[in-house]
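Assemble chains B, C, D, E and F onto chain A, guided by the hints.
Each protein sequence line maps, in turn, to chains A, B, C, D, E and F.
Here the first sequence is numbered in my numbering, starting from 1 and rising by one per residue.
Here the second sequence is numbered in my numbering, starting from 1 and rising by one per residue.
Here the third sequence is numbered in my numbering, starting from 1 and rising by one per residue.
Here the fourth sequence is numbered in my numbering, starting from 1 and rising by one per residue.
Here the fifth sequence is numbered in my numbering, starting from 1 and rising by one per residue.
Here the sixth sequence is numbered in my numbering, starting from 1 and rising by one per residue.
Honestly, the hints are just simulated from the structure, not real lab data.
Hints should not be assumed to be uniformly reliable.
Repeated chains share a single entry, so a pair holds when one copy, or any two copies, can fit it.
To be verified - With a straight-line Cα cutoff of 30 Å, these simulated DSS-like cross-link-like pairs (lysine-lysine) come out:
| no. | residue 1 | residue 2 |
| --- | --- | --- |
| 1 | Lys260 | Lys279 |
| 2 | Lys84 | Lys30 |
| 3 | Lys272 | Lys75 |
| 4 | Lys6 | Lys279 |
| 5 | Lys7 | Lys272 |
| 6 | Lys30 | Lys75 |
| 7 | Lys279 | Lys7 |
| 8 | Lys279 | Lys30 |
| 9 | Lys30 | Lys260 |
| 10 | Lys30 | Lys6 |
| 11 | Lys6 | Lys272 |
| 12 | Lys260 | Lys272 |
| 13 | Lys30 | Lys7 |
| 14 | Lys6 | Lys260 |
| 15 | Lys7 | Lys75 |
| 16 | Lys260 | Lys75 |
6 protein chains.
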Amino acid sequence: MADSTKKYTHFNVTFPREYVAHIETNRPEKLNSFYQPMWLELRTILDTLSHSPDVRALILSGAGPRAFTAGLDVKAASTSLFAKDESLDGARVAARLRRDVLEFQDCVTALERCEKPVIVVMHGISFGLGIDLATAADIRICARDVRFSVKEVDIGLAADVGSLSRLPKVVGHFGWVKEVCLSAREFGAEEAARVGFVNSVHESKEAAIQAGLDLAVSIASKSPVAVQGTKELLNWSRDHSVQDGLRYTGVWNSAALQTKDISAALFSGIEKRTPTFEKL
Amino acid sequence: MADSTKKYTHFNVTFPREYVAHIETNRPEKLNSFYQPMWLELRTILDTLSHSPDVRALILSGAGPRAFTAGLDVKAASTSLFAKDESLDGARVAARLRRDVLEFQDCVTALERCEKPVIVVMHGISFGLGIDLATAADIRICARDVRFSVKEVDIGLAADVGSLSRLPKVVGHFGWVKEVCLSAREFGAEEAARVGFVNSVHESKEAAIQAGLDLAVSIASKSPVAVQGTKELLNWSRDHSVQDGLRYTGVWNSAALQTKDISAALFSGIEKRTPTFEKL
Amino acid sequence: MADSTKKYTHFNVTFPREYVAHIETNRPEKLNSFYQPMWLELRTILDTLSHSPDVRALILSGAGPRAFTAGLDVKAASTSLFAKDESLDGARVAARLRRDVLEFQDCVTALERCEKPVIVVMHGISFGLGIDLATAADIRICARDVRFSVKEVDIGLAADVGSLSRLPKVVGHFGWVKEVCLSAREFGAEEAARVGFVNSVHESKEAAIQAGLDLAVSIASKSPVAVQGTKELLNWSRDHSVQDGLRYTGVWNSAALQTKDISAALFSGIEKRTPTFEKL
Amino acid sequence: MADSTKKYTHFNVTFPREYVAHIETNRPEKLNSFYQPMWLELRTILDTLSHSPDVRALILSGAGPRAFTAGLDVKAASTSLFAKDESLDGARVAARLRRDVLEFQDCVTALERCEKPVIVVMHGISFGLGIDLATAADIRICARDVRFSVKEVDIGLAADVGSLSRLPKVVGHFGWVKEVCLSAREFGAEEAARVGFVNSVHESKEAAIQAGLDLAVSIASKSPVAVQGTKELLNWSRDHSVQDGLRYTGVWNSAALQTKDISAALFSGIEKRTPTFEKL
Amino acid sequence: MADSTKKYTHFNVTFPREYVAHIETNRPEKLNSFYQPMWLELRTILDTLSHSPDVRALILSGAGPRAFTAGLDVKAASTSLFAKDESLDGARVAARLRRDVLEFQDCVTALERCEKPVIVVMHGISFGLGIDLATAADIRICARDVRFSVKEVDIGLAADVGSLSRLPKVVGHFGWVKEVCLSAREFGAEEAARVGFVNSVHESKEAAIQAGLDLAVSIASKSPVAVQGTKELLNWSRDHSVQDGLRYTGVWNSAALQTKDISAALFSGIEKRTPTFEKL
Amino acid sequence: MADSTKKYTHFNVTFPREYVAHIETNRPEKLNSFYQPMWLELRTILDTLSHSPDVRALILSGAGPRAFTAGLDVKAASTSLFAKDESLDGARVAARLRRDVLEFQDCVTALERCEKPVIVVMHGISFGLGIDLATAADIRICARDVRFSVKEVDIGLAADVGSLSRLPKVVGHFGWVKEVCLSAREFGAEEAARVGFVNSVHESKEAAIQAGLDLAVSIASKSPVAVQGTKELLNWSRDHSVQDGLRYTGVWNSAALQTKDISAALFSGIEKRTPTFEKL
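Extracted from the complex, chain A is given alone in its bound form (with noise of 0.2 Å):
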């Protein structure tokens, strides 16, 4: 399986099904809050995964029974991205902001640039950087114990690595967004499912996990060649008309219809068994 003897130093990455990586998040002692040298290294992991032929689909959790993240590790950002350096005027120090952001937002788009569809699985505490990270995948799930909070007008911020760019992209209440991120207010399982912020809550973590590995098994059974083309359209088409949607597909499956895997799965499909695909 892919890079299955790599470790890494904050995140725990395991092959647990065919074709499925789990990538969890392993800080539990500080509730898997974020220093900058962890979304560097989520990026890399991610990268490394979206061209693996092993794998097909993703799942990111949390490690430890309290939070999926507490979001940003205020503390030790307080001494890099929110450190003064007086000697500097307004636009310098802008202009330093303006990289560390722009880095930090493409370590957390690294998730939606992945080919392959990522499950996100909260439980605890997630809260911050948490639901930047959950909107930037492709499916959420959660814990019925998981409390949300787009937290960051709290800390004096509007949320800079993604929430205000995809939540509204993600939740079609675009009233419920603005009450969310305007106030911080906490939110759990139920009211999440109710608007549509996560597919399905669990009674516990662990079952949460288990369903997101069914899914992830489930997706990473099918043609590797439609799964991660779907991905890619449906991004794609969020951000662009109906009509440069349809072109653009009609382009992308020129090439994609030109794949083995159709006649496979037909065939399968008549002789009721299970199709196997190429690696991609």
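The following block gives chains B, C, D, E and F in isolation, referenced to the frame of chain A:
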């Protein structure tokens, strides 16, 4: 009434109420699955009714008790769309596929392009192309027995005639859209209503048709200037910024407000009678 | 408090809490229906409060027990907006209508352009222009007795001051949007909550006002840098691709992160006291 | 050769060289002015040749010594496009005009939509619709005697079938575009070459046709996969951001690079002979 | 004639020909440099003339022999736009600057927003804001003695009221645009004409004014329906895809074609006399 | 100076003047043609210099007397980019090609993404990839002996790493762009200057390098806040509407105007000495 004597090969086109057309896919023995001549004919019907002054609202449904449509007739496609010509290189195969897909897309888009609102009424099996057609229509209604599936990944395809471009704009729960498109799992009437894929669920196919008809009659009783403008402006707004939407609306209405329908509607309101409007 | 002595003709503007403004449409004897001087004055009020350092959140509601607003005062419009000048040709009539509509739109857009969040609280009759105003606000709250209708097609119009451009971006159920806009049928509080048109439903107008006030107070207690940035970035993201959203966010925050509000918020958090923020 | 036996009513279609088609507007007695059946037929011709494997480049010119085209046949238009039906209100007149204009635009767009490059060769009077057609083509060539005018304002119109949308994208001197469109003043070959409206100027109509033919032959000698991809990608890029252009190019070429034309071209280059390419 | 008795503080507004307005910046003793009250007044003038039925074309120039404008009055700006308030944090300074810049931009955009074509006539020093104003106008004309410079980088700024947004859309030579914006080097009339920044060069300021006047008179003699539509559609097309341009044009013209100006123009053409058009 | 001790394999990187970097492609024996390790290294160099505080302007040129670059090393590509793996189906080949092309594009885009202006100096053979690189830079300069060609169609390709996306935005003469891309014909320095592809032409390679250096020195002497903002805002504006350009400019400058460079520049101007600016 419009074109009432015109016979089509694959569709029954009737005019059950004044200003209301009903298009019924008529291939029940094959679960109303589609092959190329059918989508070409559907385009012809829609482009004709779009300009007919005798039509103000349309319904689309499928004949027989079992299916709205099983989707693409895969068998037929395997000798046309999916047929291989080994003499051609990959680029030339792609060029042919692109033309075919773009033509196919254009036939489905005829539902969207139609100047009058189209209500699609679904029952039984409604797979693959059934979703493409449904998302290109304006309003979706279903019977309780409906079985939906964005089926394409199961045959090795990313859906290519509209579902991936339109479903994210029809349903605001992007995670759910991703899940059903990536996994091809079936979903039923209740789930479809909950996520906003359909407007209403009815006890039987007959009840759903009746509900669609009632809604069509209601829409057909309004000013056609107002109704057709509303469809156009909503579709434009879906694909443009709010500002471009407002501007286009202002320009559109600078002509539309010059209609006698406004005074007709206002006077009827005062006199508590049903207004009549000139043909359009 | 801001402008507390300023009197307006058609609106009551009060400041019920620190940093919270309440605008009340004050024409209850006409069901708070609007004519041109009213929307011009509303724009003036909003543009003023938008820049007032004493305001951090706003509520908009309607006076009297019967209506948020019955919409456009059709009688007044028939001698202005809809008035006919037979001496002009169709192009010249269009030019006048275009100017009038664009000005009218701009007055409604003042709700969206306002730098601070606007919560609209609706009760009783909330027709036509009421929907236009509501969709231009950030958060929608209603009383249980509310009666909503995108009424315009009933008077021969496609809605022209915002509903058709904004409703599809406020509610993620596009089929429902089409249905209510094409049929002008009424819908109530429960349906509005279910589809995501309103954030919450309250037992009475008074309870709804109180809930709006509570939410406004909560928002007004946060860093105004964070809150105003959040509103701006969410609105920008609605109309742009995710990538453009991220980029704009990075640039915006390169200045916004230079606020003392962050350390104020962080220290208050540690010391478990309420932070205070400089005016903005 | 392609469709060589097909006769058209208003156009001479010939195949003067291998893979090169020549469309000649044939109404010299009326200065090649257009009325509706002509633009409908032109669309048919272009849509046919667009898919013909025997055509790789096209030329469009006008018969007779006096005019490429005098533009719209105003006399004919006054009984069709400009005809008045006093029984209709302004909105209904607008609906008819909109349909007519959109259909007319679509016929002109056939030049742009044609998969193969179109070179337009202009001489003598080239007014109004002549500019619309020219801007929808890929390359513009003219004889020294040419007289250009964006004539529409002189008959009370803003040009409506493409010049105002395409001329700013064809000529980079926006002030000049505004001037000639607002004033309708004539300009000649030299000015057209200077601002970049035409690619080259030739001594006579015959010399211009010959130059167009030479260029068409040169283009037709290249890989049709490469040529048709180049046209498509340039047109796409005109209307999209650089980033969207790059992405679309990457997707397009993922199929196009699977052509045997590349090795054919490379080997021919090494062996210093002319490559031949399969039909497309 | 329009508003002929209205006096402005910083501008001379005259009506030298029927339907032609001339706005002259009148601060020659300061090289027509601008401070805030001036751009606010310029906006007022333009918004007024935009709707005046007595104006069909405008000229903008600068008083005195030495300068069209030296740009921003830096001295005045240093106590307003560039003034520092040390008590504010970087985010709050940014909020003030943003409001000021957006207001300033809106005043310059009044040239573009003006419904009638604006011809700017430049001579002598035309620096900084002079380029911003020029690019927001429709047509640029200059005297031979003109000295242009996108001066902002020389005072530590990226130009912020339009040059960087509009110059790349006015001049098709992007490398040249970059060079003059990045280096702030001066360029003269000949270079400006060569790259397409100006439409024409004249021997003296007086000759340039006369040429601008002649062009304005020519434009003012045309159908105002056609002229104003042409300006609008060209500006719309600059910022949209060709397809969106065509659609908007079709909708716009569905009203505009209902003008009597078309028959007025056609009959005048036949009778070889000058048409007259109703006011707009 | 920046990274002055760093050695690269395929490029000479020197710092001929304060704040000016010179990147020289160093494979003259192969006419500076590129293979994969070269474009990967070029990206590394550019991403590094982009953030180096010691660099404010860059020059890119090619070593040796014969070529800026002959483009892609086709021989090397035939064993990598164009290599065939017969075991893969068309969709899987496409997936690999897509990844390769997107990576290649990203390396070229590093020129555009570089925060500081890049001046490309071209001489001799400048084919294919040479045009891709040139259009991604900010300013293009050439020697009189230069030979340009958008060469790709001659080897069966539509150019895929930027020329087709950027050339139409760099040169305003779209017909010329189409001609040179469709025909692959060579063009020289004079033609390049006339159409606006290059900013200036110089007698020899040495003179061109000197001119590039002088321009780089001039740009490097300005406020880096102003220069880097100008590059960013011009690139943003190229891909967005004027309105989005203005808004982004306002937000960008709300931080950038908080620089001490403005007062430094203003005081130096008054005191007629050269300003110095803090590093950025």
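### Query
When the hints from earlier in the document are held up against this structure, which numbers fail?
The structure conflicts with hints 5, 8, 11, 14, although it agrees with all the remaining ones.
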